[in-house]
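K.L.:
Kindly produce the complete structure, drawing on both the sequences and the hints.
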Amino acid sequence: MKYSPRSEGKKFIIPSFFFIIALCVLAFINEIRFDSLLSFGRCALSNVPTNNGSSETPLLSSSSSSSDDDEIRILIGILTLPDQYPRRHFLRMIYGTQAIPDGVKIDVKFVFCNLTKEDQKVLVALEIMRYDDIIILNCNENMNKGKTYTYFSSLPDLFNETDSQNPPYHYVMKADDDTYIRLESLVASLRPLPREDLYYGYVIPCPSMDPFVHYMSGMGYLVSWDIAVWLKDSEIPKKHLEGPEDKVFGDWIREGRRGKNRFNAKWSMYNFPEPPTRCTHELWPDTIAVHLLKNQEKWIRTLNYFNVTSNLKPSKLYHIP
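So the sequence shown is residues 441 to 761, counted in my numbering.
It is worth saying that the hints were derived from the structure and are not from the lab.
Don't take every hint at face value.
Stated by the list, open to error - The calculated label-pair distances, taken between Cβ atoms and stated as ranges, are:
no., residue 1, residue 2, range
1, Val748, Asn578, 20 to 28 angstroms
2, Ile740, Asp666, 36 to 44 angstroms
3, Ser648, His680, 21 to 29 angstroms
4, Lys678, Asn554, 16 to 24 angstroms
5, Phe530, Pro725, 17 to 25 angstroms
Note that this is a predicted model, so its numbers are computed, not measured.
Glycine is no exception: its CB is placed at the ideal position from the N, C-alpha and C atoms.
P.N.:
What follows is the structure, given as structure tokens:
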């Protein structure tokens with residue numbers, strides 16, 4: 441039989457043609473299936489609930505890519521004096537080593553009035569260059585003659601963000617420099633609360649549990665951002681600036697019919713146990729803030745109780761029994 445290259449070529453081409461067609465059909469079917477699966481996946485994922493569990497990061501200020509509805513932004517202004525350098529450095533350690541839940545931003549700032557001494561101008565300037573955590577108000581240093589008003593009413597201009605519809609902070613707080621605030625506990629108490637017209641703190645007088653009767657203690661009280669904006673624009677505070685600052689603040693809130701949402705953090709906020717008064721009780725785990733830590737001994741007892749150094753990593757560089 442005579443060999444014919446042309447006939448052999450035809451035998452090869454015809455099966456190859458059908459094989460290529462089969463591959464094209466298979467690829468087309470797979471593409472349809474992939475697109476369908478992709479669309480199904482998008483639909484399924486859109487109905488998956490968001491995980492609100494928080495992971496801890498050892499930062500003073502922490503933020504995540506979560507939406508504004510999920511994020512909590514808090515400004516804590518610690519009212520102090522320019523010459524209190526050791527106290528500020530100590531409090532930086534206290535707040536700088538606390539874990540902040542993911543999705544939460546907490547800024548701790550030290551607040552005082554205009555500088556009056558040459559050494560302050562140098563030393564405070566160095567602090568600002570190093571830490572950027574100081575607010576100097578345009579006022580003469582005082583306790584009960586308007587400093588608190590100047591602090592709150594200055595915030596809208598200091599942190600104004602004209603290109604954003606969201607407030608720079610949801611909550612702003614005034615705290616004393618002898619108050620220890622446990623940031624995670626503070627955040628946990630704020631999560632279920634409204635973000636507008638909120639007045640939060642430790643109700644005075646000490647036996648009272650009704651936040652709508654009197655006012656919140658100056659150890660540390662917090663309001664929503666809209667109240668700070670109201671204080672800036674209202675004439676009510678300007679007519680009544682002098683007096684015990686926490687009581688005067690409560691008078692403004694009452695006269696302006698503000699703070700319809702109120703939260704009494706008692707007894708998670710309290711004065712140090714000694715000396716015992718109607719405002720004190722023993723240290724306990726369910727604590728947001730401890731007040732009247734007037735000396736190092738009281739600070740040490742408080743920090744030891746809450747095991748704040750328990751996360752110290754072992755190292756060959758030191759030995760702390």
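K.L.:
Evaluate each hint against the coordinates.
P.N.:
Against the structure, the hints:
{"no.": "1", "hint": "Val748 - Asn578: 20 to 28 angstroms", "verdict": "36 angstroms, violated"}
{"no.": "2", "hint": "Ile740 - Asp666: 36 to 44 angstroms", "verdict": "39 angstroms, holds"}
{"no.": "3", "hint": "Ser648 - His680: 21 to 29 angstroms", "verdict": "22 angstroms, holds"}
{"no.": "4", "hint": "Lys678 - Asn554: 16 to 24 angstroms", "verdict": "20 angstroms, holds"}
{"no.": "5", "hint": "Phe530 - Pro725: 17 to 25 angstroms", "verdict": "23 angstroms, holds"}
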